[in-house]
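Chemist: The lines below spell out each chain.
There are 4 protein chains.
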Amino acid sequence: MIVILKQNPNASQVSHLKTWLESKNVKIHESVGDSHIILGLVGDTSKLDIDLISALDIVEDVKRVQEPYKNANRKFHSEDTVIKVKDMQIGGGTLTVMAGPCSVESEEQMITVAKAVKEAGATILRGGAFKPRTSPYSFQGLGAEGLELLKLARLETGLPIVTEIMEISQLPLFEDVDIIQVGTRNMQNFNLLRELGRQSKPVMIKRGMSATYEEWLMSAEYVMASGNENVILCERGIRTFESYTRNTLDIAAVPVLKKLSHFPIIIDPSHATGKSSLVEPLAMAGIAAGADGVMIEVHNDPEHAWCDGPQSLNLENFKTINKKLISLHKFLKSEEE
Amino acid sequence: MIVILKQNPNASQVSHLKTWLESKNVKIHESVGDSHIILGLVGDTSKLDIDLISALDIVEDVKRVQEPYKNANRKFHSEDTVIKVKDMQIGGGTLTVMAGPCSVESEEQMITVAKAVKEAGATILRGGAFKPRTSPYSFQGLGAEGLELLKLARLETGLPIVTEIMEISQLPLFEDVDIIQVGTRNMQNFNLLRELGRQSKPVMIKRGMSATYEEWLMSAEYVMASGNENVILCERGIRTFESYTRNTLDIAAVPVLKKLSHFPIIIDPSHATGKSSLVEPLAMAGIAAGADGVMIEVHNDPEHAWCDGPQSLNLENFKTINKKLISLHKFLKSEEE
Amino acid sequence: MIVILKQNPNASQVSHLKTWLESKNVKIHESVGDSHIILGLVGDTSKLDIDLISALDIVEDVKRVQEPYKNANRKFHSEDTVIKVKDMQIGGGTLTVMAGPCSVESEEQMITVAKAVKEAGATILRGGAFKPRTSPYSFQGLGAEGLELLKLARLETGLPIVTEIMEISQLPLFEDVDIIQVGTRNMQNFNLLRELGRQSKPVMIKRGMSATYEEWLMSAEYVMASGNENVILCERGIRTFESYTRNTLDIAAVPVLKKLSHFPIIIDPSHATGKSSLVEPLAMAGIAAGADGVMIEVHNDPEHAWCDGPQSLNLENFKTINKKLISLHKFLKSEEE
Amino acid sequence: MIVILKQNPNASQVSHLKTWLESKNVKIHESVGDSHIILGLVGDTSKLDIDLISALDIVEDVKRVQEPYKNANRKFHSEDTVIKVKDMQIGGGTLTVMAGPCSVESEEQMITVAKAVKEAGATILRGGAFKPRTSPYSFQGLGAEGLELLKLARLETGLPIVTEIMEISQLPLFEDVDIIQVGTRNMQNFNLLRELGRQSKPVMIKRGMSATYEEWLMSAEYVMASGNENVILCERGIRTFESYTRNTLDIAAVPVLKKLSHFPIIIDPSHATGKSSLVEPLAMAGIAAGADGVMIEVHNDPEHAWCDGPQSLNLENFKTINKKLISLHKFLKSEEE
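Protein chains in written order, with numbering that gives the first Met the number 0: chain L, 0 to 336; chain B, 0 to 336; chain D, 0 to 336; chain V, 0 to 336.
Because the hints were derived from the structure by calculation, they are not lab data.
All residues carry an ideal CB built from backbone N, CA and C; glycine is no exception.
A portion of the hints provided could be inaccurate.
To be verified - Think about it this way: if two alpha-carbon atoms lie no more than 20 Å apart in a straight line, the pair counts; the simulated EDC-like pairs of lysine to aspartate or glutamate are: (1) L:K323 - D:E336; (2) B:K74 - D:D300; (3) L:K130 - B:E335; (4) L:K322 - D:E213; (5) L:K274 - D:E213; (6) B:K274 - L:D48; (7) D:K322 - L:E334; (8) L:K258 - V:D48; (9) V:K5 - L:D43; (10) L:K74 - V:D60; (11) L:K62 - V:E155; (12) V:K257 - V:D300; (13) B:K62 - D:E335; (14) L:K322 - D:E59; (15) L:K130 - B:E78; (16) L:K62 - V:E21; (17) B:K130 - L:E334.
As the list claims (entries may be wrong) - A few chain B residues facing chain V, derived, Cβ under 10 Å: (18) L172; (19) G236; (20) D249.
Unchecked claim - To be clear about the criterion: a stretch of chain L counts as covered by chain D if any three or more of its residues have a C-beta under 8 Å from a C-beta of chain D, and this derived list gives those stretches: (21) 126-137; (22) 243-249.
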């Protein structure tokens, strides 16, 4: 960490600061220039509070050289994290395809979709039981009943299930879920993250609508700091000025997070764009960029289904697209050898 | 609401859609053009799910004419909401000044700051007991103990207190708090909003980092839909590409929300900019734009306080600035007459 | 186009508006609801000025159903535009690889890089002679001399050249350039676009830093409206809150623009990220998403070159990466069959 | 400037870098830490190319302590720039009100508006003769004829005129204009800026849609570096995700630019919001935040004018609002004493 002091700082405050820094087991390299004094801090600075230091009257600016996340950091954890769910793996060179409806609606719907996506090569079943909705008047999901229907579909197909949690009090209901999803609006619900770190199921953290890579990794750090190492990251688009697509898929997130951290990265082209016609090209792009998998919305009966977003594929389309994704992944692996 | 159908839509789907819309007590005005059919929907469309309709195969686009929020809407609630806290009012032409430290640290700190800000003309005492922190390694606030210190300061000065809640389970601790603050990261924590609607204390909702006006008002709608009409909105800056300031204060939010809704609007220049030197000009701007008040971070002892952000003012500066704010407010009121 | 009138509009103004619209050869379908009157306009509305209509006192909102661009519109030009440069094609299923240094520096540099990128499979040579620089004190490019060096390198290798124009007065110097590039800061330099439409060389328009798809296509429309149909679009990242990468590559631009328009689309991963380690994954993603080509910065001598950006690849890396890009493109074409 | 080297850098490259830096008359303070070497550069670093240094293989990051602009910098030019136009001043404690129509349409319109805004207290007449329009099919302004009408209105009222230039070749037409405006889309048209620096008329630079403060000041630096010190800055809103207003007025720009630089700052609430009802509150906010003036669109005959944007005020409204602005400015000045 580098601390740049203001011009002509108060000497007693400088000495105060240095004493405090040394008490935190940080070594100080001081460099006195014509206009500024620069303190280079050496040691474990990941636990120093950067806001706290910038706040000081004598400090002009603070710059981290080390990242503020440690458990999430590739530098201190060089191997890829591979998540094990039942007999399958997420990460480590495999292709994960999470597919299923936006909302769980009925037993018939879930069984139909689950069977179809499994046959098409999906590896995990997704479906929303608790739905975060902008309007209090919109359908809020089937809740606990939806979770039961997901489990029924798992029983029928063998596919592990991933579904979103919205608050701490729901945790007991998620004991038999395979992967717990943290939605974009909860990415910085620190209390929830801490609790999810105290249990052992894999946690998939969707990127906040306007979260930086660093903030996203700090959320993963919350889960890991509480003891759970099974974290998956899901890029689902960020909010920008462009309104043609619902969000802007940040494809660079894939290689950047692979470099900064060690987690599996999933791409969600359905939410990123809000348009089913864009799911295929963006899923292909995600895999070509090195993502470990994709999350895709699939519905069974577009003619009658009232709750399928415009971003959902029907079963037929999903089958066609997933074949291409699997084929691309296989090609890319063969090229590596 | 206007529904634009795609070219040459499937006739049975169109008829299906019309039947469904009529079952929702909406009247349909159909306009058949050369290239598109347009359905004008008349009646209470605020409870129609726009995503659901856009999702249909035959629909090209949907446009609301009516806003999706109803209780929060100025059109259905033409008078300003005035919040009563003890013997004071927020809104209705008064000037509210919420002041106090970022974090509650100690009894001495709270009593000192509370007395000073009261003397300087502040009307409400702020202070964080539960702190949302990006890093799991940063100080997370004094918690329940912090709430007790706030109450002590209230006892000492008579100032009502406002402080942030982070999750539903903390609600019982907030029973004796005067105004409950929902932080920017929780603006779309719908479960929390719903619970806050089930109690009667005023709720101040800070704008999410990348929330649109409509999303923000929908969050207020959540609270009102559950029964609590005492909502205050607080603009605290949005996230943009400009990184010189921590956030970008959206000053237009003040007149826009005054027009669209009926809530008191507070401006938080401290968090919006992250720089204490910008607090005065932005607080002045907020009041000139018609805000009902400001929220300002104030600390007592910048030389020794480790937890004061660079956005905090010291007691002396706050006194000087608050005098100007009160004077400006008085001038603007006199001009109106 | 749909015009939504305000509640209880002034009758003479409504009649005034209708007369004016009819004088523009637009048919009007009127739909009178309880709260609003809606006018559905049918005919060629692409030349109506939407701002002008929204400005009227009686108008609440205007919504286009038709796009404001016509020549650029896929609906009126269903076949892909294929650009012919010497004996090669851009678009139409081919893979275009534009490679070369950020700035033209010397004859030796240009010849070395040109030969190397040609051998590695690049199809077009890039290089900046006129450089848009944020600072007046930075190197502004070799100018006319730089153009001569590019032509020398073309003579040596046979590779067509693409380079950026910065103002109208430079046009005569570009007579012997193969593709004229309009930089991101000039995307809405309408005078320049109009002039480029009056000559016949292909024009590659880079997306403005915060340009919407529609604005970008309107810039292409300027060129086409003046008579030049040879337009190429280049996505080079947009400005967002994320500062780890220089810009955020908007990968969805590829399929979206393929759908809305008929131009070849090139991806520039070098400028989009500002980091050479991200060039490979993003170039791969671009091709997988359906781009017609990539534009990549390549330098010859990273140890001594002072003017190569951190986004440049060296010759060796480019060779390795380009092999992968060509192989991926071949694989994707084989899958289509 | 601080240069942070990568871990274990190549020694000969480090020595190469140091030699080069010293040749630029920069002194180097080296600080060797456990993990990184930090070079603190002292001297005039404003002319060092930061991109060029970051590009080096051995460099991890570069951080400026000094700003890259020099002439524009408050640190080297502590007094406020005051622009003299005829017998009036812009900056230096005065209130400048630029008012007039979006587009110059006719002699009658210009004379009517000019007389009315003068009577209402405006100090400068604005009006567009060359109009940057997104669509090639929209009205592009009256051009040279429009400039003549502006001059006629000046003759009639004595008000100085400000109007936008779009390309270098128009410069001769602007010889008799009082203030030359550079529009938002030309903020980084460096060739144009350089030419405007070679003449002596005041240049008002509008902020680019997604320009940072630093980029904006660098554009001012271009003008000053070519010899013209008469620069005015105009904040007109930036592009964000919020689409209710056309742009987001960044009110913090006023105090920030007052601190970083010495130019007069004008606020344009008409373009910033695109809504006439927001002009008053945002103009008031701008003045309260310390702006030197406002730029407001005013039209004469909203019922018949086809080219007035929804952001224009009519003559009556402008009169009422301007009275409030002048009164607020007077109040704020009296408070200072």
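Chemist: Check each numbered hint from earlier against the structure, then list the numbers of those it violates in ascending order.
Modeler: Hint check: 2, 3, 4, 8, 11, 12, 13, 14, 15, 16, 17, 18 and 21 fail, others pass.
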